[in-house]
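A.B. asks: Spelled out from the first residue to the last, the chains are:
Protein chains: 2
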Amino acid sequence: MYKVKVLVKRRPSILDPQGKAVEKGAFHLGLTNIKDTRIGKYIEFMVDTGDKAAAEKEVNDYCYKLLANPIMEDYEFTLEPADSEGGN
Amino acid sequence: MYKVKVLVKRRPSILDPQGKAVEKGAFHLGLTNIKDTRIGKYIEFMVDTGDKAAAEKEVNDYCYKLLANPIMEDYEFTLEPADSEGGN
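Chains as they are written, first to last, in this note's numbering: chain V, 10 to 97; chain W, 10 to 97.
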């Protein structure tokens, strides 16, 4: 069993209108030093296998096919063994 | 100038229907070992001040008022000096 944490970010060259909008809200609340806000995703999940290579392959497939949009987003992940009873 | 990275996660006790839905998609793609998917947010931005305490206060305000929903989400952040020309 592995615990996986994934970060999905837009490529630096792609505009982030959501970040811009939230930052404008911050400005109006008086938080005037905030710049360059970019909003991405953070995903956590478990992979229920004892084989690290198989787990990495499954994570890559999951990220590429579902979690990220490979046209405009990059992803990175960390994978670490989870201590679970009986889960290997 | 500080570079800030924020993670926003739903509290463990709060259901995550988006994660459940994406995971179902994974299952139908043959990724059958993925469990307990939870989807949160990852936000990066800069704080344009040289005073670390002021930067932290501004980041907390930003997270609490705009980035996270404090009723059902928790946030954590890291703040590190950014080497920028003339910032600071």
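Warning: the hint list may mix true and false statements.
Given that identical chains are not distinguished, each listed pair holds provided it fits within a single copy or across any two copies.
Said to hold, decoys possible - Calculated cross-link-like contacts (lysine-lysine; reagent style PhoX-like; alpha-carbon spacing at most 20 Å):
(1) 18 x 50
(2) 61 x 50
(3) 18 x 61
(4) 50 x 74
Honestly, the hints are just simulated from the structure, not real lab data.
A.B. asks: Give a verdict on every hint.
C.D. replies: Now for the hints, and whether the structure bears them out:
no., hint, in the structure
1, 18 x 50, "both (7 Å within a copy, 10 Å between copies)"
2, 61 x 50, "neither (24 Å within a copy, 26 Å between copies)"
3, 18 x 61, "neither (25 Å within a copy, 26 Å between copies)"
4, 50 x 74, "both (15 Å within a copy, 19 Å between copies)"
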